[in-house]
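Student: So the protein sequences, as listed, match chains A and B.
With my numbering applied, the first sequence covers 1 to 276.
With my numbering applied, the second sequence covers 1 to 276.
Hints are computed from structural coordinates only; laboratory data are not their basis.
Ideal Cβ placement from N, Cα and C applies to all residues, glycine included.
Please note that a few of the clues may not be correct.
With the C-beta cut set under 7 Å, the calculated list includes, among others, these residues of chain A facing chain B [as the list claims (entries may be wrong)]:
| no. | residue |
| --- | --- |
| 1 | Arg50 |
| 2 | Ser51 |
| 3 | Thr54 |
| 4 | Leu151 |
| 5 | Pro154 |
| 6 | Asp162 |
| 7 | Val165 |
| 8 | Leu168 |
| 9 | Met250 |
The calculated lysine-lysine pairs, modelled on DSS-like cross-linking and capped at a C-alpha distance of 30 Å, are [stated by the list, open to error]:
| no. | chain 1 | residue 1 | chain 2 | residue 2 |
| --- | --- | --- | --- | --- |
| 10 | B | Lys167 | A | Lys205 |
| 11 | B | Lys57 | A | Lys64 |
| 12 | A | Lys268 | B | Lys57 |
| 13 | B | Lys240 | B | Lys9 |
| 14 | B | Lys240 | B | Lys222 |
There are 2 protein chains.
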Amino acid sequence: MKVSQNRTKAIGVFDSGLGGLTVARAIRNQLPSEDIVFLGDIARVPYGSRSSSTVCKYAQACAKTLHEQNIKVLVVACNTVSAVALELLRKNCNYPVLGVIEPGAREGANVTPGGHIGVIATHRTVASGGYEKAIKLVDSTIKITSNPAPLLVPLAEEGWVDGEVAKLVIQRYLEPLVSVNIDTLILGCTHYPLLRHTIEEQLEKMSGRQLPVVDSALATAKELQLLLEKSGLSCQEDTKGSLTILVTDMPEKFSETAMRFLDGIILKENIIQVDI
Amino acid sequence: MKVSQNRTKAIGVFDSGLGGLTVARAIRNQLPSEDIVFLGDIARVPYGSRSSSTVCKYAQACAKTLHEQNIKVLVVACNTVSAVALELLRKNCNYPVLGVIEPGAREGANVTPGGHIGVIATHRTVASGGYEKAIKLVDSTIKITSNPAPLLVPLAEEGWVDGEVAKLVIQRYLEPLVSVNIDTLILGCTHYPLLRHTIEEQLEKMSGRQLPVVDSALATAKELQLLLEKSGLSCQEDTKGSLTILVTDMPEKFSETAMRFLDGIILKENIIQVDI
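Looking at chain A on its own, in the form it has when it is part of the complex (with noise of 0.2 Å):
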């Protein structure tokens, strides 16, 4: 199968669901006139709970089916994939392999005021240790206090993006963070996105300061833009570029839960399903 592509080579952006679709849409409002092809392993989503070696097996799967689309840059919109799998990525690809972790981190570094960044994402970015490493790679005295966030991805899902449900669980997982006095706050999930506001209002309302809050989704489409600038690679065109989006699975309620990511801007012709 393979998406006609007839402007441009494609920007490819991956992840194990729908997440990801919180880059794809930054990407595009950052690089209107790019062609995105989007591919979600909703057939095995959440990666999150799987062990490294199948993370590995199943990101080089995607990579191979985005490969085929004859994109120039691969995304890894992935917050798992990319505290896993990034360098054995980059060894098998001959364009270049841009994570999620490492801009957010970046920004996150750019921006902390003090030098206490709080990150929170789900337990296995957390456990990864991969937001730590890449903050200490541009300032090893950085101080970073992390916290897994786990139910805030179900929340952004079903669409509890705010009200007393979500005050509630994100207090929880902020009282950590705000009782230890970080500066900045990274989210380190491609789904937080969606409840960021309702983060930002209680992070303002414990804190008792407004506290910069660096989304990774945001902070990725950024960097693309430098690293295709860089490499001669942008889209000469300024006409609007195409988002098509490949799924490994078709469930029922995909639409719905898509267009919650994407704010409604997915035609259902351009959502194609693929075996991988």
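Assemble the complex: chain A is given as a structure, and chain B must be docked to it using the hints.
Tutor: For chain B alone, coordinates are given in the frame of chain A:
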């Protein structure tokens, strides 16, 4: 790979993930001398968000793996598979196949005092109409009101089974059921027994009376006992049976989560990873 069954043929139990361990636990309590082989397909969990054809394919692979363990009965400890693939499995097996929906539905139909049953389950199970169909087969005059309660799964897995968040989430899910005056509640997901205490507490608080709460895992264990006795398949030994757990992946936090479902009764050497 063949797990030794030197006493008798075993009871095979499978689920997409670990929720089905509540069924294995109930069977172990009900039938302590039976050997049980549980298969958790955690490399491909959750089935609830997959298409029906994918669920059928996965269910057949699980059944085949347990078939190779020389089992005498197959218990489908997964509501999604019970709703979608039970007939298919029955056609392909030469021993009894028992799902979790029919026993829960039958017990609900037997205990409802006024004939109005509420069902909470995942989106997928509710959409399948499985509980409605099974209850109507017992008594077509019974009224059924269902409400998806998907967040209870991650709450159970995280161990947030009481406290303010669990109470609020449960209240939100029970409200549409209590407001139409259900007189019985079926817990239609294998994860929910972990939250049973808080569910019963909130149900009583909201409805102002004690209502029967049906746990499909317990109902299934009771029906299994009758089935084995009727078919002459019961184990005749009176020593304690074994519990073997097969898993299709072995993530880092596996033991911790498994213990939560089993009350810590499993030894690490009885957990075996298999490829299916």
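Student: Determine for every hint whether it applies to the structure shown.
Tutor: Structure-based check of all given hints:
Satisfaction of the interface hint for Arg50 of chain A is found here, the shortest Cβ-Cβ separation to chain B being roughly 5 Å, below the 7 Å cut-off. At a threshold of 7 Å, the smallest CB-CB gap from Ser51 of chain A to chain B is about 5 Å, leaving the interface hint in force. Nearest Cβ of chain B to the Cβ of Thr54 of chain A: about 5 Å, under the 7 Å cut. The hint holds. Here the hint on Leu151 of chain A is kept, as its CB sits about 5 Å from the closest CB of chain B, short of 7 Å.
The restraint placing Pro154 of chain A at the interface with chain B holds, with a minimum CB-CB distance near 5 Å, inside the 7 Å limit. Look at Asp162 of chain A: its Cβ only gets to about 13 Å from chain B, farther than 7 Å, so that hint breaks. Hint on Val165 of chain A holds. Least Cβ distance to chain B is approximately 5 Å, under the 7 Å limit. A cut of 7 Å between beta carbons decides the hint on Leu168 of chain A: the least distance to chain B is about 5 Å, and the hint holds.
Interface restraint check: Met250 of chain A against chain B, minimum CB-CB distance 6 Å, threshold 7 Å, status holds. Taking the CA atoms of Lys167 of chain B and Lys205 of chain A, the gap is near 23 Å; set against the 30 Å cutoff, the hint holds. The straight-line distance between the Cα atoms of Lys57 of chain B and Lys64 of chain A is roughly 24 Å, inside the 30 Å bound, and the hint therefore holds. Note on Lys268 of chain A and Lys57 of chain B: the hinted pairing holds, with a Cα-Cα distance of about 26 Å set against a maximum of 30 Å.
In summary, the hint linking Lys240 of chain B to Lys9 of chain B is supported, as the alpha carbons are separated by about 14 Å, within the 30 Å threshold. About 18 Å separates the Cα atoms of Lys240 of chain B and Lys222 of chain B, which keeps this hinted pair within 30 Å; it holds.
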